[in-house]
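S.K.: The listed protein sequences derive, respectively, from chains A and B.
My numbering applies: residue 1 is where the first sequence begins, and numbers increase by one.
My numbering applies: residue 1 is where the second sequence begins, and numbers increase by one.
FYI, nobody ran anything at the bench for these hints, they're computed from the structure.
Backbone N, C-alpha and C fix where the C-beta goes; we use that ideal spot for every residue, glycine too.
Wrong hints could be hidden among the right ones.
[To be verified] So, partial list: chain A residues that the calculated Cβ filter (under 8 Å) puts toward chain B:
no., residue
1, L100
2, D116
3, E137
4, L166
[Said to hold, decoys possible] Some chain A residues flagged as far from chain B (calculated, every beta-carbon gap over 10 Å):
no., residue
5, I80
6, F121
7, N136
8, L142
9, A153
10, I175
11, N177
12, T196
13, E289
14, I298
15, Y342
16, D348
17, R384
[Stated by the list, open to error] Quick list of in silico lysine-lysine cross-link-like pairs, DSSO-like style, CA-CA up to 27 Å:
no., chain 1, residue 1, chain 2, residue 2
18, B, K38, A, K117
19, A, K131, B, K120
20, B, K24, A, K131
21, A, K117, B, K29
22, A, K131, B, K137
23, A, K148, B, K67
24, A, K179, B, K132
25, A, K117, B, K120
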Amino acid sequence: MENYQNLSQPKLTKLTQTRIIQLFVLVVIIIFITFIASNEYKYTLHETRTQLNDKIINLHFETFLALSKVYEKDTNNHFIEKVEKEPSLRENFEDMLRLLRISTVQNLFVVTRDTDKNYYFLLDSEIDPQKRANINEPFNPLGDYWDKCYATAQAQVFHHHDNKDLWISIAYPIIENNKTVAIVGADISDQLDINTQTNLKNFTEFFFWISILSILWFILLYIMTLYFRRKYYEGYKDPLTQIYHRKYLYDILIKKLGRKYQLFMIDIDFFKKVNDTYGHNVGDFVLQEVSNRMQLLIRDEDSLIRYGGEEFLIYTTQLNPTQCIDFAQRIRESIAKTPVRYKEIECDITVSIGVNAEARSVDNFDDMLKKADDALYKAKLAGRNCVRTAN
Amino acid sequence: MKYFIFLLISLSTIVSGADSHWEKMIIEKILQSVSNQKELTIYTQDEEILKIVKTINNIHMVHSCQKADFVLSTLDNTSSCHKPVLLFSYNEYKHTPDAIGVFFWQKGRPTIRFSSQRLKNFGLHVDGELSKFVTAKAY
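So that you can see chain B by itself, here it is in the shape it has in the complex (with noise of 0.2 Å):
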């Protein structure tokens, strides 16, 4: 937890958002924390989520959301596919019944929330530092 938090004070006094590279590394323990899997299949809209995800070891980006494990968007556009989707805009967040979580910046500020009841709905759950981010809420 310790490792975590200095990494959201760095992420926020360093880059302040505006690095992908720390953006990168969000997202990839995001990743890590919902999923034991080694490799993790993506499906993503979203050009510059793409520019960052892909970089990422053992992710496969691909071209249909129903082949993948996740979804990462801006955006509510894929509840078609009823695949857990990681969104970055909390308002997208709360109408989306498929986001099991969000990361987004808020007064300079790196935030993440994970809900409870839809990463159960999944058969996910949280694991490690992350944890502290889950909660019952349904907004």
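With the rest of the complex left out, here is chain A (with noise of 0.2 Å):
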């Protein structure tokens, strides 16, 4: 957009700071997109297990109340005593198990309580010998939620926190004339968590790489921004003294005047001289030089235009007349003050000013560059190298 060649050190130092402040402010917006999004995406996460959890220990929970159900009725509420004595009901009641012992559940089983406290196997589903846990054989209940579900013969479920090999268990009571006298036990296979797990952690990476390539896709997208923006300005910029041409006034600057404005409009006394005596080359480095030197004193927010051959106009703001007419004299006398040098040559140069010091965005533009237009030809016939204002 600028042309970095022509400008004054704190100039380029201010431009450089706007850039990496605005990249930063980019940078921290991202950043906490990013962190409101992944805090989001952590409940969501937390929410989702929690939510699968329920609706799998709600699912064995209805499957269970069926099957004590079933146990109680075909035992006709003499439970532990027909399932020690008559093994051809053992065999069916474990094969109801092996039925309900769906891919999920990785242990189902039946335990009872002796009179010390003591939990030993009743029924198992399992098919292998090698695990299979017989008949009375004894059973340790890690943690006190068997009790309880003896105690208030409610169902419980425990959650095995970073076990390998037991996730959730259920105990589900099996109820004879209000009494517990049996538990059916779950073991919820880690293997589903397992696999909710990797999928999870292969989305938390997958958005981690989003967010990366995200917060990578801005930048590289205000860098190009930047660029198109600098070369899409740099076409209105004349080749010679690198400040913007004619083009831009009426493409560019005509659509964002401000309400109040100010024109001068500056033309080079004598230019056609210069040309004839020292030819083209001195003459394009007194463009170039005068353009340099009025570059020097406008504002960030004003405009510098060479508006055709040796006249130059400048579009500013927020200045009152007196203030136009100091701002226009400084203009002249960084001009007339120091000669033009160019190799051997030394030219002295000086600039006739017109101004408009009250251009309103209401009145038409043309009208307001007229205005400033014939003040420099007041200028023009005052005799050259002096300022006058279009009022």
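Take the two lone chains and join them into the complex the hints point to.
M.R.: Printed below as a string of structure tokens:
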């Protein structure tokens, strides 16, 4: 956008600082959004896992309720006695367990407790003889939830945190005469949790990389925007002086005029004579030098335009008529004060300036421009190297 | 007791029976519970058990079961010795008259049982927090 070669050091520093601040703000915003999204994602993840757990547990509760009813009915309230004494009934009951042992269930069994509060297996759905627990084989009730199940006759759920094999255990009471006589125990397969966690981990990694790529993409987009913006504005630059040319005035500047603005029409005095005397190389150098000196005096928000030939236009805002005259005089003096030197040639250059200090956006721009041009004409008539205002 | 329950839960939750370090702690605890002797002599034919047990302090391995205070085994192959046996298979425990106790894994849970009758036969008893696992049942 700006010609950095032509910028003074303070302006270049300020521009660089602005770009760095913009980039910093952009990165901070992206990090903030990523942080918010990440928190939301973690919360959703936690909720999903909790809901999944609840659904699995509820599913098994319903199944075990039906199973316990069947056991109670088939044994006519003599569950333990009949299971211990009738192998065929025991086999039938174990077959029932096997039917209910869906892929999410790692272990499904029935245990009972003796008077010494030692637990023993009654039924086991396991087929593999190496893993199978036979009737009356001791069962180690890790945790007190089995005792709670006995005491309250209410189903209990236990989460085995960080366990390699066990994830969730469910204890569901088999009740006779309002008393717990045995417990249906189920260990929900940790494979389900592992699969879930693996999938979620993959998604977490995906989310992480999406975040990184988004940040890089936004930064790239920002740099590309700056680059194309600069290229776009370079198209409006005069190749000789590297300041905006007339097309910029009518394509860009006219669309963003301030409510009140000021126009300075500047013309190099006797420029044709310079060209005729010293040649076009010197004439071109004079144009460059004059534009450089003016550029040093204008503010960031002002625009310097090569209007045509040796004629320049400065657009400013927020200057009152007195300030306008002072500003125009400073420009005139900075050019007249030091001769332009090109190799061995030294030229005394002066400019005439016409000022329209009271231009308004509601007025026609060409009319405002003509007023500045008329003022310039007055300055020329007044003998050149001077400033004249429109009114 | 709380300490031991914690140990069992930790054992099942952290290592799930795979880590010999925790099994060593359980075996050490069992041996300390059934014997008041400061130093014990142990006989085992099982290489895996040997690896675990020989790292326990105050335990001396012997090459003859006749010289051992206790026999540790996964199989009932020490019936001629008439020494108290600690087994690691419940099926073997049921059918081994000299097996005073068993430590095995069932459904991902470490399980311990002692037979009160068999302990009595050898003049032994279980002290402390493991006494919960002593049962009168013959199987």
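S.K.: If a hint holds in the structure, say so; if it does not, say that too.
M.R.: Structure-based check of each hint:
Interface hint status for A/L100: violated, as the beta-carbon distance to the closest one in chain B is roughly 16 Å, over 8 Å. Of the supplied interface hints, the one on A/D116 holds, with its beta-carbon coming within about 7 Å of a beta-carbon of chain B, less than 8 Å. Satisfaction of the interface hint for A/E137 is found here, the shortest Cβ-Cβ separation to chain B being roughly 6 Å, below the 8 Å cut-off. With its C-beta approaching chain B no nearer than about 5 Å, A/L166 sits inside the 8 Å limit, and its interface hint holds.
Remark: the non-interface label on A/I80 is consistent with the geometry, its nearest Cβ contact in chain B lying 14 Å away (cut-off 10 Å). A Cβ of chain B approaches the Cβ of A/F121 within 10 Å, the least distance being about 8 Å, so the stated non-interface status is violated. For A/N136, the requirement that its beta carbon stay farther than 10 Å from each beta carbon of chain B is not met, with the minimum near 6 Å. For A/L142, the non-interface assignment is contradicted: its Cβ lies about 5 Å from the closest Cβ of chain B, within the 10 Å cut-off.
The Cβ of A/A153 lies farther than 10 Å from every Cβ of chain B, with a closest approach of about 23 Å, so its non-interface assignment holds. With 10 Å as the threshold on Cβ separation, the claim that A/I175 sits away from chain B holds: the shortest Cβ distance comes to roughly 23 Å. No Cβ of chain B approaches the Cβ of A/N177 within 10 Å, the least distance being about 25 Å, so the stated non-interface status holds. For A/T196, the shortest C-beta to C-beta distance to chain B comes to about 19 Å, beyond the 10 Å cut-off, and the non-interface label holds.
Listed as a non-interface residue, A/E289 keeps its Cβ farther than 10 Å from every Cβ of chain B; the least gap is roughly 82 Å. Non-interface status of A/I298 relative to chain B is upheld: no Cβ of that chain comes within 10 Å, the nearest being about 74 Å off. With a minimum CB-CB distance of about 87 Å to chain B, A/Y342 clears the 10 Å threshold, and the non-interface call stands. Every beta carbon of chain B lies more than 10 Å from that of A/D348, the smallest distance being close to 93 Å; the non-interface claim holds.
The claim that A/R384 is not at the interface with chain B holds, since no C-beta of that chain comes within 10 Å of its own (minimum 96 Å). Distance check on the hinted pair: B/K38 and A/K117 sit about 32 Å apart at the alpha-carbon level, beyond 27 Å; violated. Between A/K131 and B/K120, the direct Cα distance comes to roughly 31 Å. Violation of the 27 Å bound is thereby established for this hinted pair. Proposed proximity of B/K24 and A/K131 is supported: the alpha carbons are some 23 Å apart, at most 27 Å.
Taken as a hint, the A/K117 and B/K29 pair is honoured in the structure, with Cα atoms around 22 Å apart against an allowance of 27 Å. The hinted pair formed by A/K131 and B/K137 meets the criterion: a straight-line CA distance of about 22 Å does not exceed 27 Å. As the CA atoms of A/K148 and B/K67 are separated by approximately 46 Å, the hinted pair breaks the 27 Å bound. This hinted pair checks out: A/K179 and B/K132 have alpha carbons roughly 24 Å apart, not beyond 27 Å.
For the proposed pair A/K117 and B/K120, the alpha carbon gap of about 21 Å is at most 27 Å, so the pair holds.
Comparing the model with each numbered hint stated earlier shows that hints 1, 6, 7, 8, 18, 19, 23 do not hold.
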